[in-house]
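Build the full structure now, drawing on both the sequences and the hints.
Each protein sequence line maps, in turn, to chains A and B. The first sequence begins at 1 in the working numbering and counts up by one. The second sequence begins at 1 in the working numbering and counts up by one.
Since the hints were derived computationally from the structure, they do not count as laboratory data. In this text the structure is predicted, and so the values were computed from the model without any measurement. One thing to keep in mind: the hints can contain errors.
Claimed, not checked - Below 30 Å or equal to it, Euclidean Cα-Cα: the simulated BS3-like pairs (lysine-lysine) are:
{"#": "1", "chain 1": "A", "residue 1": "LYS186", "chain 2": "B", "residue 2": "LYS93"}
{"#": "2", "chain 1": "B", "residue 1": "LYS197", "chain 2": "A", "residue 2": "LYS292"}
{"#": "3", "chain 1": "B", "residue 1": "LYS186", "chain 2": "A", "residue 2": "LYS295"}
{"#": "4", "chain 1": "A", "residue 1": "LYS186", "chain 2": "B", "residue 2": "LYS82"}
{"#": "5", "chain 1": "A", "residue 1": "LYS292", "chain 2": "B", "residue 2": "LYS292"}
{"#": "6", "chain 1": "A", "residue 1": "LYS41", "chain 2": "A", "residue 2": "LYS127"}
{"#": "7", "chain 1": "B", "residue 1": "LYS197", "chain 2": "A", "residue 2": "LYS295"}
Claimed, not checked - Across the chosen pairs, the derived CB separations fall in these ranges:
{"#": "8", "chain 1": "B", "residue 1": "GLU286", "chain 2": "A", "residue 2": "SER193", "range": "27 to 37 Å"}
{"#": "9", "chain 1": "B", "residue 1": "ALA173", "chain 2": "A", "residue 2": "PHE18", "range": "18 to 28 Å"}
{"#": "10", "chain 1": "B", "residue 1": "GLY249", "chain 2": "A", "residue 2": "ARG155", "range": "52 to 62 Å"}
Quick reminder that beta carbons are idealized off the backbone N, C-alpha and C, glycines included.
2 protein chains.
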Amino acid sequence: MNLLIVGSVAYDSVKTPFGERVRVMGGSASFSSLAASYFTKVSVLAVVGEDFRPEDRAILEDRGIDCSALKTVPGGKTFHWKGEYGYDLNEAKTLQTDLNVLGTFDPEVPESLQEVPYVFLANLDPKAQMKVLDQLRGPRVVAADTMNYWIGQRRDDLMDLLPRIHILIINEAEARQLTGEFNLVKAGHKILSWGPKMLIIKRGEYGVLKITQDSIFAAPAYPLESVFDPTGAGDTFAGGFVGYLAEAGNLNPETVRRAIVMGSVMASFDVEDFSLGRLLTLTRQEIDGRFKAFKELTEFSGTV
Amino acid sequence: MNLLIVGSVAYDSVKTPFGERVRVMGGSASFSSLAASYFTKVSVLAVVGEDFRPEDRAILEDRGIDCSALKTVPGGKTFHWKGEYGYDLNEAKTLQTDLNVLGTFDPEVPESLQEVPYVFLANLDPKAQMKVLDQLRGPRVVAADTMNYWIGQRRDDLMDLLPRIHILIINEAEARQLTGEFNLVKAGHKILSWGPKMLIIKRGEYGVLKITQDSIFAAPAYPLESVFDPTGAGDTFAGGFVGYLAEAGNLNPETVRRAIVMGSVMASFDVEDFSLGRLLTLTRQEIDGRFKAFKELTEFSGTV
Chain A
1 MNLLIVGSVA
11 YDSVKTPFGE
21 RVRVMGGSAS
31 FSSLAASYFT
41 KVSVLAVVGE
51 DFRPEDRAIL
61 EDRGIDCSAL
71 KTVPGGKTFH
81 WKGEYGYDLN
91 EAKTLQTDLN
101 VLGTFDPEVP
111 ESLQEVPYVF
121 LANLDPKAQM
131 KVLDQLRGPR
141 VVAADTMNYW
151 IGQRRDDLMD
161 LLPRIHILII
171 NEAEARQLTG
181 EFNLVKAGHK
191 ILSWGPKMLI
201 IKRGEYGVLK
211 ITQDSIFAAP
221 AYPLESVFDP
231 TGAGDTFAGG
241 FVGYLAEAGN
251 LNPETVRRAI
261 VMGSVMASFD
271 VEDFSLGRLL
281 TLTRQEIDGR
291 FKAFKELTEF
301 SGTV
Chain B
1 MNLLIVGSVA
11 YDSVKTPFGE
21 RVRVMGGSAS
31 FSSLAASYFT
41 KVSVLAVVGE
51 DFRPEDRAIL
61 EDRGIDCSAL
71 KTVPGGKTFH
81 WKGEYGYDLN
91 EAKTLQTDLN
101 VLGTFDPEVP
111 ESLQEVPYVF
121 LANLDPKAQM
131 KVLDQLRGPR
141 VVAADTMNYW
151 IGQRRDDLMD
161 LLPRIHILII
171 NEAEARQLTG
181 EFNLVKAGHK
191 ILSWGPKMLI
201 IKRGEYGVLK
211 ITQDSIFAAP
221 AYPLESVFDP
231 TGAGDTFAGG
241 FVGYLAEAGN
251 LNPETVRRAI
261 VMGSVMASFD
271 VEDFSLGRLL
281 TLTRQEIDGR
291 FKAFKELTEF
301 SGTV
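Written as structure tokens, this is what we have:
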């Protein structure tokens with residue numbers, strides 16, 4: 001296996017102005033591993049309860065995702081998130097969070113995965129993210145996500161994690177919260193001084209900024225006429241991004257830029273349907289077609 | 001003269017977290033004509049009061065801007081705007097608006113300017129914008145801006161203006177207000193159905209979207225480490241954009257994309273200093289250098 005993804009597998013109950021779904025499969029590891037599965041061999045390390053439906057496990061396995069480390073807690077219930085979006089689809093209002101088995105998730109990396117070269121630590125307690133790293137033997141690239149809760153409540157742990165990862169993938173508000181800097185360039189350079197070699201800032205419908213010590217790359221989000229459900233767009237971006245990197249096997253600036261666009265391509269598909277829907281039916285032709293459309297969306301001649 | 005700009009010449013009193021300036025020169029026509037002056041020959045049609053300082057007129061004239069249609073109203077006072085920005089520099093809080101001579105501005109186009117090929121109608125009462133068009137003999141390209149006030153209070157006039165212009169340049173919130181559509185692609189197509197051939201949506205620190213019937217172009221804003229005063233950024237963008245178009249003399253898709261990037265380049269300079277400061281000291285070398293930096297900011301290889 002080439003890429004290990006550690007995160008949540010969840011049941012989501014989601015309402016948007018365009019419809020409603022109850023207890024459909026979601027979670028950071030589900031979205032990101034499905035996105036990554038279009039590019040590389042993926043293993044998922046996550047935990048579910050006894051209520052987790054075999055057909056939902058099959059959704060991952062049918063895409064070739066290794067689920068040997070997707071553990072069921074006897075007598076436990078799967079993490080459940082309930083949220084609602086208004087017409088401004090940029091931010092969900094969380095109505096209910098039942099951590100269930102995720103509350104005591106203590107990730108154990110099976111022997112067979114300890115030498116995996118690429119790792120994506122989706123949003124989790126930074127202590128759990130570090131515990132995963134403790135069990136790996138020198139991964140080549142570690143990317144990690146986090147969220148406002150950990151920045152506010154587990155700041156010290158998060159600061160311990162940062163020197164151990166290569167790529168931090170967070171959203172705009174989180175970058176500001178973490179650094180106390182409103183200006184994103186300043187915030188970015190502060191975060192880089194804490195360890196990561198690369199910062200990816202997600203800006204929802206406005207796209208993505210990549211900040212490294214010596215350059216910045218900006219990619220827009222693909223403008224869609226119909227957005228049904230933004231749930232998982234950030235995780236889908238991360239999965240497509242890291243999955244593409246894992247397959248390319250290098251972090252050359254050109255590769256990283258294409259990986260960011262590929263992540264954006266995958267996220268643009270995700271929001272076109274509820275839950276994981278659109279990520280199950282994609283073809284490589286559709287993916288490459290939208291990559292090309294991104295090129296057309298942003299291209300201009302460099303001659304003044 | 002190649003480009004006629006009709007708008008306001010004002011005195012601004014501005015406070016940002018980084019400083020304060022009282023009664024410095026501003027106004028949509030000032031910002032946009034200075035930006036355009038780096039690319040083409042510009043004439044300004046605007047009105048000021050007797051308090052307008054000769055040295056402020058000289059600021060425009062020193063950049064080669066034709067001020068023969070910048071009229072002084074005897075006994076009148078120049079339009080004055082007072083505003084304040086928080087750390088989120090995206091939106092100004094207007095503290096005071098003294099329309100003064102702008103309240104009765106009745107634009108008269110001198111004979112010598114009636115055959116001008118390119119026109120930018122900066123934000124004004126749409127009736128005044130149409131009055132300008134009534135006096136022109138078939139301009140090749142007309143671009144116009146507007147604002148929330150006219151969309152809300154003079155909607156019928158604005159709808160009469162739209163079929164008479166080629167390019168509408170407004171911000172995101174205005175596009176939504178005008179159409180009642182939250183989705184910008186839908187909003188864009190609705191606006192195009194009302195007349196303009198091209199819609200430019202300004203998204204502040206997130207850049208610009210261009211929407212035409214058959215394509216979309218997205219340009220980011222240039223990420224700056226220091227932003228001092230965003231006043232006039234939208235007008236500066238418009239001036240650079242239309243000025244570049246006027247000099248190129250065509251609306252080929254490639255030209256339009258470069259013009260959008262050039263507008264963004266000029267806006268990125270504008271915000272680096274208070275008032276018109278940065279727009280007075282620019283060199284063509286600095287402008288071309290940042291254009292190149294935009295290319296590096298957005299470029300990726302199209303090979304998947």
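Now the hints, each set against the structure:
1. Annotation: proposed proximity of A/LYS186 to B/LYS93 holds, straight-line Cα distance about 25 Å (limit 30 Å).
2. Our distance criterion of 30 Å between C-alpha atoms is met by B/LYS197 and A/LYS292, whose separation comes to about 25 Å.
3. Simply put, B/LYS186 and A/LYS295 have alpha-carbon atoms about 21 Å apart, close enough for the 30 Å limit, and the pair holds.
4. Proximity of A/LYS186 to B/LYS82 is assessed by CA-CA distance (about 29 Å); at most 30 Å being required, the pair is judged to hold.
5. Of the supplied pair hints, the one linking A/LYS292 and B/LYS292 holds, its CA atoms being roughly 22 Å apart against a limit of 30 Å.
6. Taken as a hint, the A/LYS41 and A/LYS127 pair is honoured in the structure, with Cα atoms around 26 Å apart against an allowance of 30 Å.
7. Taken as a hint, the B/LYS197 and A/LYS295 pair is honoured in the structure, with Cα atoms around 23 Å apart against an allowance of 30 Å.
8. As the Cβ distance of B/GLU286 to A/SER193 is approximately 29 Å, the hint placing it in 27 to 37 Å holds.
9. The hint said 18 to 28 Å for the Cβ distance between B/ALA173 and A/PHE18, and at roughly 22 Å that hint holds.
10. Evaluation of the 52 to 62 Å hint for B/GLY249 and A/ARG155 yields a pass: the beta carbon distance comes to about 57 Å.
Consistency with the previously given hints is maintained throughout, with no hint failing.
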